[in-house]
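Q: Here is how the chains run, residue by residue.
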Amino acid sequence: MTSDAAAGPLKTTPLHAIARSLGGKLVPFAGWEMPVQFSSVIDEHLAVRQAAGIFDVSHMGEIEVEGQDALALVQRLTCNDASRLADGQAQYTGLLNEQGGFVDDILVYRRAAQRYLLVVNAGNTDKDVAWVLEHARAFRAVEARDASRRYAQIAIQGPRAEAILQGLVPIDLRAIRYYHFAEADVRGARSIVSRTGYTGEDGFEIYGPAEAAEDLFQALLDAGRPLGLVPCGLGARDTLRLEARMPLYGNDLDDTTTPIEAGLGGIVRLAKGEFTGRAVLERQKRDGTARRLAGFEMVDRGIGRHDYPVRHEGRTIGRVTSGTFAPFLKKNIGLAYVPPEHAAIGARFSVVIRERDAAAVVVETPFYRRPQKDGGRSH
Amino acid sequence: MSADGIYPDDLKYTKEHEWLEARDNRATVGVTHYAQAELGDIVYVELPQVGSAVVAGEAFGTVESVKAVSELFAPTSGTVAEVNGALTDKPDAVNRDPYGDGWMIRITMADPKEVDGLMSASQYRKYIEDEAN
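So the sequence lines, in the order shown, correspond to chains E and U.
Using this note's numbering, the first residue of the first sequence is number 1, and each one after it goes up by one.
Using this note's numbering, the first residue of the second sequence is number 1001, and each one after it goes up by one.
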């Protein structure tokens, strides 16, 4: 979890009161007061892997981009190819600076040919809005605006998420494939129902009006409790995403790390044409990079945590960006930037934990992959 | 976090949320109910070797929950006589039973009178109420 840099009073989401009433332990995160846990991080994590969990993620930012040049602006600012999106489809991508580093890692939703929604990290919202607005000036027919306050976002994740949500929506959720969405009236409020998430499980993220969030959250809780649904905090969100090797901005990604270094080459589409940061990524794809983000498992006891040094034969070769006890795998796992020769599966290095070298080995990622329930449909 | 919870009267307590049970010159040490609740799910406990020296007020080990790393501070000086090896495989005993199966080390005390400077259960309860507010 990133440290909290924001000064001044903490912001609260429309679900703050309900989180408090459910016994959520509230902590500062990226300028917001958010629940880190309700019962226990481990119990919440396992509920999402085995049944379902519900998260308030209304702190995330939303930027609406509309107009004839909307696609051109999105294409200019991101490294993935948004022209491949159909209406009702979403894409994970990087908002990159000139050096190919991440301004942010974001989702792009295509609502219509000239209407896009960018979903950005809470702690980056102001920076991203400024970045998008500044670059929008170079385009004639596009309007970009920060819509973050209008939207609440609720994530319902886990193998039973679809069954729980289905009872509350007028659409057939089976028709929504992974990284697709539908716009529908959810309990009377126009919402985006998106089959996406940050846990490695099947599930949905629902973007709706802030004033309708409490009603929906409560309805999902009531419908889901009998099926094992529990409210989850940011603690479980962090361990779930790490088991699934989904990067966290501020830990694994920042202004100085590129998608190639982060092992996210799949979201870099050089063939789409010019975009900010392209020259650096093209060179890195051709020549390689000085460091790679490697997934490791601790061999010795101990947890290699964020910012702990990585050593090989007495020399510091990198740093851990994220590390935790993985509640489902019951192992200590992490991610670290190391030179590519140390990032191969099976390579060994040590993580310096309280001045002692503890052995770790590079392993295949994602650390956790959910079982396919439907004979391998690509989710 | 409230001060609700169990703080046995026959134990002594520190400001760093350790408890100590003294019997003659032998002291058993662990962390309090309040400490384990604040930490959350405990997944790793690092304890000293038997025979090593501990100094009152100084770190003797580490406890890690999923989210946090926290040092353990010795309530009294002496020599480590015994460590709870069961915590290696079952660190969650600290959450489940902080005063029983979750005990951490036994110390042969250099000066059993040192214990008199620690808080009683009622003093400790007052201390965490103040800390929570």
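Since the hints were derived computationally from the structure, they do not count as laboratory data.
Certain hints may be false.
Pairwise CB distance ranges (calculated) [as the list claims (entries may be wrong)]:
(1) E/Ser-21 - U/Asp-1116: 40 to 48 Å
(2) U/Ala-1053 - E/Val-361: 43 to 51 Å
(3) U/Gly-1100 - E/Gly-23: 23 to 31 Å
(4) U/Arg-1096 - E/Ala-113: 54 to 62 Å
(5) U/Gly-1100 - E/Gly-188: 47 to 55 Å
(6) E/Ala-219 - U/Arg-1096: 28 to 36 Å
(7) U/Ala-1132 - E/Gln-50: 28 to 36 Å
(8) U/Asp-1130 - E/Lys-331: 34 to 42 Å
Stretch by stretch, here's where chain E covers chain U in the computed footprint (C-beta under 8 Å, at least three residues) [said to hold, decoys possible]:
(9) 1011–1018
(10) 1061–1075
Think about it this way: if two alpha-carbon atoms lie no more than 30 Å apart in a straight line, the pair counts; the simulated DSS-like pairs of lysine-lysine are [claimed, not checked]:
(11) E/Lys-285 - E/Lys-272
(12) U/Lys-1126 - E/Lys-25
(13) U/Lys-1113 - E/Lys-25
(14) E/Lys-330 - E/Lys-127
(15) E/Lys-331 - U/Lys-1090
(16) U/Lys-1090 - E/Lys-330
(17) E/Lys-127 - U/Lys-1113
Quick caveat, the model's predicted, so the values are computed rather than measured.
Here a beta-carbon is modelled for each residue, glycine too, at the ideal position from N, C-alpha and C.
Q: Failing hints, ascending?
A: 2, 9, 13, 14, 17
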